[in-house]
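A.B. asks: Please construct the entire structure, taking both the sequences and the accompanying hints into account.
Number of protein chains: 2
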Amino acid sequence: MTTCHGVVNLPEVRKVAIFGGTHGNEMSGVTLVNLWINNGAEIQRSGLTIKPFITNPQAVEKCTRYIDTDLNRAFTQDNLSVPRSEELPYEVRRAQEINQMFGPKGSPEAYDVIFDLHNTTSNMGCTLILESSKDHFNLQMVNYIKRAVAPASCTVLLTEHPLLQYSTTRSVGKHPIGLEVGPQPQGVLRSNIFESMRAIVKHALDFIELFNGGMEFQPCTVDVYRVSEKMDYPRDTNGNITAMVHPNLQDCDWEPLNRGDPMFQTFDGRTIEYEGGHTVYPAFINEAAYYEKHQAFTLTRRESLTANGIKASEM
Amino acid sequence: MTTCHGVVNLPEVRKVAIFGGTHGNEMSGVTLVNLWINNGAEIQRSGLTIKPFITNPQAVEKCTRYIDTDLNRAFTQDNLSVPRSEELPYEVRRAQEINQMFGPKGSPEAYDVIFDLHNTTSNMGCTLILESSKDHFNLQMVNYIKRAVAPASCTVLLTEHPLLQYSTTRSVGKHPIGLEVGPQPQGVLRSNIFESMRAIVKHALDFIELFNGGMEFQPCTVDVYRVSEKMDYPRDTNGNITAMVHPNLQDCDWEPLNRGDPMFQTFDGRTIEYEGGHTVYPAFINEAAYYEKHQAFTLTRRESLTANGIKASEM
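Protein sequences appear in the order of chains W and H. Note that the numbering used here numbers the first sequence so that position 173 is 173, with each residue one more than the last. If you want the numbering used here, it's the 1-based position in the second sequence plus 1000.
For the record, the hints were derived by calculation from the structure and aren't laboratory data. Treat each hint with caution, since some may be false.
[Said to hold, decoys possible] Derived pair list, reagent style DSS-like, types lysine-lysine, alpha-carbon separation capped at 25 Å:
1) 15(W) with 62(W)
2) 230(W) with 1062(H)
3) 293(W) with 1105(H)
4) 202(W) with 51(W)
5) 1105(H) with 1015(H)
6) 51(W) with 311(W)
7) 1311(H) with 1051(H)
8) 1230(H) with 1134(H)
9) 1062(H) with 62(W)
10) 15(W) with 202(W)
11) 1293(H) with 1230(H)
12) 311(W) with 174(W)
13) 62(W) with 1293(H)
14) 134(W) with 230(W)
15) 62(W) with 1230(H)
Note that the coordinates shown come from a computational prediction; the quantities given were computed from them, not determined experimentally.
C.D. replies: Here it is in structure tokens:
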């Protein structure tokens, strides 16, 4: 990697994967990836190998999030290195297969870019999820996508955190990028959500093609929301929830939450307020899949990241 | 049953059940019924036995619609009369137990009124579901509820149909009434949906208390939407869907659909129009649980039913 006038040379992108069905009931990605497996014309770009792939086919078949355990938390070094056995949970075996096909994670042979397509029941709109604040290729890509979809909005969630580790399916690639579009109930395909996701994948592939073609992308800043904390529902001693997301907060993903703002409403009508000291920006508010993870929403903080300029290096 | 000045004497109501969890991932009913099992003060009414009851506890435990088969289609005479065996599907065994506890279906010992609480992912608002156009008690009850919630709206769906038979859980009672509130994703509890459902149950119980107390309810007319037909998604020869609900139809439950109106949008962008000759009123548009039933929405026709006046007979 060399820098010249603030522009870093990065290797060309050769292998791209588009994952759908990491959660088998998130229908936009499942449907798009199956469409592209049948006819890839829409996602072909010159000089690029682009592989659409259903990562959790058994969960897709049953239209459920997972069979034994959440595939999108299964790519830990422990899981990937444990000896293969039919007694392992289905998703752990599947993680090992995916790691062989698209990784190995952290190796030079790994796919260059992996997109993983998700839906949320939360009112998050289009959200690109990054795992590193130092991945300048991905920062440039999300900057390109944000400009391409404007005036529509596309938010960037950064999951980089010292303690909260996700071990996602896409993490086997060198540049992992999640795409989360909502609101859409599990098991439902809504045309507006489907077309939003499709457009973002198009812009992302266009970006890669331009990058490979020699276009220089100038240094830029990208506003992101960094995961800071998880907030659980209030619960009783048996673990049953005793309150719902407050109507003033429901569907208000990415809007500021300040000390004293309503957060939960108990079944007997009391309001529970946010008591934190800083302004936070909740996301994944009342996401169906996160009840079992004891998470009513994720708190994030806003920050601006600076991306180096980038240019494909001569091969 | 005797008539005097258009008012029919009907027996007092003594036994009422409120079912939740007939579908284990429809969280408003599950949560309300569990609340009321713990503390029934809110649903107590003088002279009435009111039993809140979770009908499919295994599905609730797993937060899934059902374990083996849809409980809300399981109350057929065949299922209810087949000899009990551990090899029967879980929901068939459960149907037999529920029939013993709250029926037997069609018998004088059956519960008088059974409410069954459901959620839908469709934008249907509050919907009361009746199974018979001749159940004057239920017609008077929905008329009372509609007036009590006004100006908010509460729609009445009539599932009486010569061919489409539902065999619902609530059908073991003498006066079965379904309550369907949406939109709410499966596995999610939204405060607005929860409070709407709670208010309707309150009004329904108030009605029964007034009826038992001797109030005379005058003849009235009730506008209902009668199920006429089911519409499947367009599919290819492998059974995979090839189109989505059109954005102009999505979320437009209960609005008129006329010949030539957009109905589906194919993945390659073509519009499929409604070609029927009559104005219809779709409901359950893009309901998550109905993909497997090959149903994109239900077509209904509007009609007005006339309810006799009713009064509790002297015991």
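A.B. asks: Next, verify each hint and record whether it holds.
C.D. replies: Here is what the structure says about each hint:
The hinted pair formed by residue 15(W) and residue 62(W) fails the criterion: a straight-line CA distance of about 30 Å is larger than 25 Å. In summary, the hint linking residue 230(W) to residue 1062(H) is supported, as the alpha carbons are separated by about 23 Å, within the 25 Å threshold. A C-alpha spacing of about 41 Å is found between residue 293(W) and residue 1105(H), which places the hinted pair above 25 Å, so the restraint is violated. Distance check on the hinted pair: residue 202(W) and residue 51(W) sit about 14 Å apart at the alpha-carbon level, within 25 Å; holds.
For the given pair, residue 1105(H) sits about 14 Å from residue 1015(H) by alpha-carbon distance, which is consistent with the 25 Å threshold. About 24 Å separates the Cα atoms of residue 51(W) and residue 311(W), which keeps this hinted pair within 25 Å; it holds. Between residue 1311(H) and residue 1051(H), the direct Cα distance comes to roughly 24 Å. Compliance with the 25 Å bound is thereby established for this hinted pair. Between residue 1230(H) and residue 1134(H) the CA atoms are separated by roughly 23 Å; this keeps the pair inside 25 Å, and the hint holds.
For the hint pairing residue 1062(H) with residue 62(W), the CA-to-CA distance comes to about 14 Å; that is within 25 Å, so the pair holds. With a C-alpha separation of about 16 Å, the suggested pair residue 15(W) and residue 202(W) falls inside the 25 Å cut-off, and the hint holds. Between the alpha carbons of residue 1293(H) and residue 1230(H) the distance comes to roughly 10 Å, so the proposed pair stays at or under 25 Å and holds. Of the supplied pair hints, the one linking residue 311(W) and residue 174(W) holds, its CA atoms being roughly 17 Å apart against a limit of 25 Å.
The suggested pairing of residue 62(W) with residue 1293(H) holds, with an alpha-carbon distance near 14 Å, which does not exceed 25 Å. Restraint check: the Cα-Cα separation between residue 134(W) and residue 230(W) comes to about 23 Å, which is no more than 25 Å; the hinted pair holds. This hinted pair checks out: residue 62(W) and residue 1230(H) have alpha carbons roughly 23 Å apart, not beyond 25 Å.
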